[in-house]
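*Asks:* Go ahead and model the full structure; you've got the sequences and the hints to work with.
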Amino acid sequence: LFNKLEQIAVLCKEHEVDAVLGAGDFFALKSASRNSHQLVRRLILAFQSFGCPVFGVIGNHDIAFAREDSVSRQPCGVLEAAGVLHLLISLQGDTVLLTDKKDSSIQVRIGGYPYSTSFDLPEAQKKADRLGARYQVLLFHLLASKTSGDLFGEKIYTYPSFLSFDADVFVFGHWHKDQGIKWYESP
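Numbering (our numbering), first residue to last: 358 to 544.
Watch out, some of these pointers could steer you wrong.
As the list claims (entries may be wrong) - Computed Cβ-Cβ distance ranges for the label pairs, DEER-style:
1) Ser505 <-> Glu542: 18 to 28 Å
2) Phe509 <-> Arg424: 17 to 27 Å
3) Thr504 <-> Ala438: 36 to 46 Å
4) Leu368 <-> Gly506: 29 to 39 Å
5) Glu425 <-> Ser521: 22 to 32 Å
6) Asp525 <-> Ser505: 22 to 32 Å
7) His394 <-> Thr504: 24 to 34 Å
8) Ser505 <-> Ile463: 27 to 37 Å
9) Phe509 <-> Ala421: 33 to 43 Å
10) Gln405 <-> Thr504: 14 to 24 Å
Source of the hints: derived by calculation from the structure; they are not laboratory data.
All C-beta atoms in this analysis are idealised placements derived from N, C-alpha and C, irrespective of residue type, glycine included.
*Replies:* And the structure:
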């Protein structure tokens, strides 16, 4: 894992990256007591090495008992308190606006939808407003795939069900099987 984070740091510097995005599950183990101080410290140092802000959403492994309000007592909350991770935690569609360092006319709105056992797709669509930004990237921590269904009682959303969002890029976390880069044209 840390080898991959070192590679990300190199790419950030090579390409003068403005931000790194994460779609949750910054930690694999849900229990705070099972994540060592050394692990948290190494992750803080890795994020600092990127040389740019890290924005992300809460994953189910970042909180206790599926409660967003527990994040401050979890290792993910330590990353946020250390200033190396900026969580987009509000289920109201928390956003941040990035402006290109070289061309201020290029603005990117980043929106976040953390893990939730009661995610409401139509409600999320209403709140995914780019607010005048040229581009919009949306981060989700939920099950998304080419096919619908459910996994362990959680709904699997199809990629095309997100095409009605006013967004240019979607980043999904939570489930790794059958995910990857997919290209869809807006209707």
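*Asks:* Evaluate each hint against the coordinates.
*Replies:* Comparing the hints with the structure gives:
no.: 1; hint: Ser505 <-> Glu542: 18 to 28 Å; result: holds, 20 Å
no.: 2; hint: Phe509 <-> Arg424: 17 to 27 Å; result: holds, 18 Å
no.: 3; hint: Thr504 <-> Ala438: 36 to 46 Å; result: holds, 39 Å
no.: 4; hint: Leu368 <-> Gly506: 29 to 39 Å; result: holds, 35 Å
no.: 5; hint: Glu425 <-> Ser521: 22 to 32 Å; result: holds, 25 Å
no.: 6; hint: Asp525 <-> Ser505: 22 to 32 Å; result: holds, 23 Å
no.: 7; hint: His394 <-> Thr504: 24 to 34 Å; result: violated, 41 Å
no.: 8; hint: Ser505 <-> Ile463: 27 to 37 Å; result: holds, 35 Å
no.: 9; hint: Phe509 <-> Ala421: 33 to 43 Å; result: violated, 18 Å
no.: 10; hint: Gln405 <-> Thr504: 14 to 24 Å; result: violated, 39 Å
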